[in-house]
Amino acid sequence: MPAVQAITEQERALLNSYQRDFPLQARPYAAMADALGMDEDALLAMLRGLQERGILGRVGVTVRPNSAGASTLAALAVPPARLDAVADQVSALKSVNHNYAREHDFNLWFVLTAADDAGLDQALAEIASTTGLTPIKLPLDAEYHIDLGFTL
Amino acid sequence: MIEIADKDHQLLARLADGLPLVSRPYAEMGAELGLSEDDVIARLRHLVDSGIIRRFGLIVRHHELGYRANAMSVWDVPDDEVDALGADLAAYPFVTLCYRRRRQPPRWPYNLFAMVHGKERAHVLSQIAQLNEQLGLEHLRHHVLFSTKRYKQSAARFGDRGLAKAG
Numbered sequence: 001m002p003a004v005q006a007i008t009e010q011e012r013a014l015l016n017s018y019q020r021d022f023p024l025q026a027r028p029y030a031a032m033a034d035a036l037g038m039d040e041d042a043l044l045a046m047l048r049g050l051q052e053r054g055i056l057g058r059v060g061v062t063v064r065p066n067s068a069g070a071s072t073l074a075a076l077a078v079p080p081a082r083l084d085a086v087a088d089q090v091s092a093l094k095s096v097n098h099n100y101a102r103e104h105d106f107n108l109w110f111v112l113t114a115a116d117d118a119g120l121d122q123a124l125a126e127i128a129s130t131t132g133l134t135p136i137k138l139p140l141d142a143e144y145h146i147d148l149g150f151t152l
Numbered sequence: 001m002i003e004i005a006d007k008d009h010q011l012l013a014r015l016a017d018g019l020p021l022v023s024r025p026y027a028e029m030g031a032e033l034g035l036s037e038d039d040v041i042a043r044l045r046h047l048v049d050s051g052i053i054r055r056f057g058l059i060v061r062h063h064e065l066g067y068r069a070n071a072m073s074v075w076d077v078p079d080d081e082v083d084a085l086g087a088d089l090a091a092y093p094f095v096t097l098c099y100r101r102r103r104q105p106p107r108w109p110y111n112l113f114a115m116v117h118g119k120e121r122a123h124v125l126s127q128i129a130q131l132n133e134q135l136g137l138e139h140l141r142h143h144v145l146f147s148t149k150r151y152k153q154s155a156a157r158f159g160d161r162g163l164a165k166a167g
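Protein chains in written order, with the numbering used here: chain B, 1 to 152; chain A, 1 to 167.
Hints in this document: simulated from the structure, not taken from any laboratory.
All residues carry an ideal CB built from backbone N, CA and C; glycine is no exception.
There may be inaccurate statements among the hints.
[Unchecked claim] One-sided excerpt, in silico: chain B residues whose CB lies under 10 angstroms from chain A: (1) Pro28; (2) Ala35; (3) Leu36; (4) Met38; (5) Arg64; (6) Pro65; (7) Ser71; (8) Arg82; (9) Thr131; (10) Ile136; (11) Lys137.
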């Protein structure tokens, strides 16, 4: 497990200020730098440093479920001795973007995305045939929380 | 499913690799996709305003910062109560995601999910206990599933139309 990373107060301010409402203007990093009292080059260097340390995944978007394609949560009950091996088989699929072990008989939890629902079922069938285990498919019915990021 | 324009779809696929860390990132993305800088900005603004882009910004990997107690809390709630309860749960600041999912009886009876992330397992458990007590959930079938290992965490790649890059 990678070590816990420390961040500077300036890095914390940056991470807390721009998890949403990213500037939509020609020079967004310059605008962010202005707001934080830095110059653009220093801010870009800080973002690259956070990315190299694994703290910043990317500057990116989260998309409303089922607007740009189909997605679902799914889970497998894997015999514990096989967990790492089966997890690697599941992670190997490009359509899997999150994959976690959790404490339950259903001990492997993953999110699948595809162009449409048939693509999800195809990926689940592939997982069943590769692993010999039958996944449960738990598609989203309603969301109660808007993702606003996470204050550090 | 809502249909979105091909160019918008290409923009979203490109953003799965991250907005370039250069002075004029929208111009650079536009050059790759055959769009002007202004067009890229306008299209992204429209995707944000229409709610297709839920959040645009820094995607933080919390695990690296020590937020390693990641609990998925699930309840089996009667169908006619789940929407009201979901709204109540989502109002708690420490609930980072909350949604209703389809049950898969008999293997999976739970339909309401709430995620709580923290640095300490005991603290996360006390927050979940607070939910159960304050919202009167103690009588419901319930389980807390902490994550024990993260195998993969990356951007969603919808993979149609041959646009998503290998990741």
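- Item | Unsatisfied constraints (hint numbers, rising) | 2, 3, 4, 8, 9
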